[in-house]
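Engineer: Below are the chains, spelled out letter by letter.
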Amino acid sequence: MGAHEFAIRRLVQLVPTLLGLLVLIFLIARVMPGDPVRLALGPEATAEQVAALRNQLGLDQPLPVQFINYLIGLVRGDFGVSLRTLRGVGSDIAGLLPATLELVTVSLLFSILLGVTAGIFSALYQNSWVDNLVRLTSISGVALPRFWVGILFQIFLASKLGLFPIIGRAAAPIHGPTGFYTLDALLAGNLPGFFDSLWHLVLPALTLALPTAAQLARLSRASMIEVLRQQYVLVHRAYGVPTSRLVLRYALRNSLTSVLTLLGLSFGSLIENAFLVEVVFSWPGISAYGAAAVLAKDFNAVVAVTLIVGLAFMLANLIVDLLYGVLDPRVRYD
Amino acid sequence: MTEAVRQKVPSRVLRRFLRSPLSLVGVVVVTATLICALLAPWVAPYPQDAGAVVHFDQSMQAPSVAHWFGTDEVGRDILSRVIFGTRPALLFVIVVLGIALTVGIVTGLVAGYWPGSRLAALILRVTDIFLSIPPLALALAVTVAFNPSLATAMIAVSFTWWPWYTRLVYGEVLKLRNELFVDAARALGQRDSVIMLRHILPNMISPIVVKATLDISFVILLGSSLSFLGIGAQEPTPDWGAMVARGRVYLPDGWWVSTMPGLAIFVVVVGFNLLGDALRDALDVRS
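Chains as they are written, first to last, in my numbering: chain W, 754 to 1087; chain E, 795 to 1081.
Hints are not guaranteed to be accurate.
Said to hold, decoys possible - Chain W side only, calculated, beta carbon under 10 Å to chain E, not exhaustive:
#	residue
1	Ile781
2	Leu897
3	Gln907
As the list claims (entries may be wrong) - Cβ pair distances, simulated, as ranges:
#	chain 1	residue 1	chain 2	residue 2	range
4	E	Ser943	W	Gly942	46 to 56 Å
5	E	Val859	W	Pro930	54 to 64 Å
6	E	Glu1029	W	Ser1011	39 to 49 Å
7	E	Gln842	W	Pro930	52 to 62 Å
Stated by the list, open to error - Partial list, computed: chain E residues near chain W (C-beta under 7 Å):
#	residue
8	Phe1022
9	Val1038
10	Gly1056
Because the hints were derived from the structure by calculation, they are not lab data. For every residue, glycine included, the Cβ atom is placed at its ideal position computed from N, Cα and C.
Please model the complete structure; the sequences and the hints are all you need to start from.
Structural biologist: See the structure below:
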């Protein structure tokens, strides 16, 4: 089977899982004991007003009908109306999604840079003080509650030392085609805007990245040590290939396959932990929106956010599966 | 002779377990946590502060000799509340892992014992759906259906956690079901339920115990995250996540209000992680 065929087959396999996820979340959200419409309108609303909004949202119809209507809406890109903001959930999310994606992407870069680099150095200088430091840091790093790290950063780095902004994405909104403030500022040649949004990104992205980086460091250390024991590495050493070249050209690529497995999972954990980091840093993304929606029992918004997070997680794992073949030609698709 | 062997195996495991200084740290932290939970009223300096009391004259005091972790906005001793906080945290772990283990073991045994059956296909498909979404996101969605409380958070997290055990048990059963001792039990006419519970299950206790120990820290982190987001335990329960969240209002001057409960989460999670790692190495379970 070729890579293309494999990719298409994996994509098709996503459909039943996604449908199952939809049913699951729909059921969870519709079986709630509280009355979302009453909650949205407030205690002063009359019974007629509640009934009218209920009818308008289609909540008075039987569950299967509601589900089919919901599916039809989804196909059209319509996620329904938010009971909290009273706007379309689709447009709410479209405005917020780039902020979350920018945060998660930069955190993923941070965790790979920090984690894999630390892992490699740790493996190269096994049992030295560098190695011990990395191991100790990574053992404790995975135990860090992200919401707490974020608050510590805010207290000490942002507030007391004034090195970084405490909350938000930028001093002023930056508009552009991608929705990523850093990219849009660069595209518009707006250098102060670029540095400002980058500065706002550092603390949230680092908060999100640290535990993931710790995990990656542990794994890349282990797999690097294994690769460095291989005979071909010894042969290259004997030929006098410099260590840096040996690591970067040969050993790294072979040790990356096992790191890659974790990367798919890491992406999932970054996306889910964005819920905490966005709340701490008042980051205007879909996770903070989702967390607020949960507290307000805003059904449509919760379903949409959960669905998007699930979909992103599935796609990330798909991409990882496909990348195996690119990194390691020995991998066969079957 | 068998008696001698039986005695030797645990002592070897124990020796391997105690070889690393880090596992000792884990044992110490976990023991201290358990002592705090069991003896909270005697260990905590101001036990009455765990509940809904106020001493406004002592509010927002920085850490001092009288209050090592400082006091909160209504004057309660934070150290006492952190010590009492071991109780909701451990209760959370016991309930979540209890439910997840029960459901996961039963579904995993059934799916692995009759692989290829319709029931097995259904179980595996449902686990796939549950595993297709990160646990915190799914737990958040589940909490929509209930009012925020410790019980809600427990239900939500249990709901997301069982499929991992289904997968683990399923894989182990597939490995074991064709072993000679299972054939022998079957030939002797043992019932399927007896074979599953008395013959297969005891042979996969090690991987289950190791996974459950390592999961304790994840569950504590997830539980405190939910209460930080306002979905878990509510005031006046001395819950670490909720305490960190409340302290945010008093930043940066009242830094200790958020910092100290968060530190407790961090230390306890490190402790359980080290214990789990040590157990995995000692029992020689590959992850």
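Engineer: Within 54 to 64 Å or not, the Cβ separation of valine 859 (chain E) and proline 930 (chain W)?
Structural biologist: Cβ of valine 859 (chain E) to Cβ of proline 930 (chain W): about 59 Å, so the range 54 to 64 Å holds.
Engineer: Just tell me: holds or violated, for the beta carbon distance of glutamine 842 (chain E) and proline 930 (chain W) against 52 to 62 Å?
Structural biologist: 60 Å, holds
Engineer: Tell me if the beta carbons of serine 943 (chain E) and glycine 942 (chain W) are separated by a distance inside 46 to 56 Å.
Structural biologist: Given a distance of about 52 Å, which is inside 46 to 56 Å, the answer is holds.
Engineer: Answer holds if the nearest beta-carbon of chain E is closer than 10 Å to that of isoleucine 781 (chain W); otherwise answer violated.
Structural biologist: 6 Å, holds
Engineer: Close enough to count: is the Cβ of phenylalanine 1022 (chain E) nearer than 7 Å to one in chain W?
Structural biologist: At about 5 Å, which falls below the 7 Å cut-off, the nearest Cβ of chain W leaves the hint on phenylalanine 1022 (chain E) intact, so it holds.
Engineer: Does glutamine 907 (chain W) pass the interface hint, meaning its C-beta sits closer than 10 Å to a C-beta of chain E?
Structural biologist: 6 Å, holds
Engineer: The hint says 39 to 49 Å between glutamate 1029 (chain E) and serine 1011 (chain W); measuring C-beta to C-beta, is that right?
Structural biologist: 45 Å, holds
Engineer: So, as I understand it, the hint says valine 1038 (chain E) touches chain W; can you test that by seeing if any CB pair is closer than 7 Å?
Structural biologist: Valine 1038 (chain E) check passes; min Cβ-Cβ to chain W is 6 Å, inside 7 Å.
Engineer: Does the CB of leucine 897 (chain W) sit less than 10 Å away from some CB of chain E?
Structural biologist: 6 Å, holds
Engineer: Go through the hint on glycine 1056 (chain E) and say holds or violated, using the shortest Cβ distance to chain W against 7 Å.
Structural biologist: 3 Å, holds
In this structure, none of the earlier numbered hints is contradicted; all agree with it.
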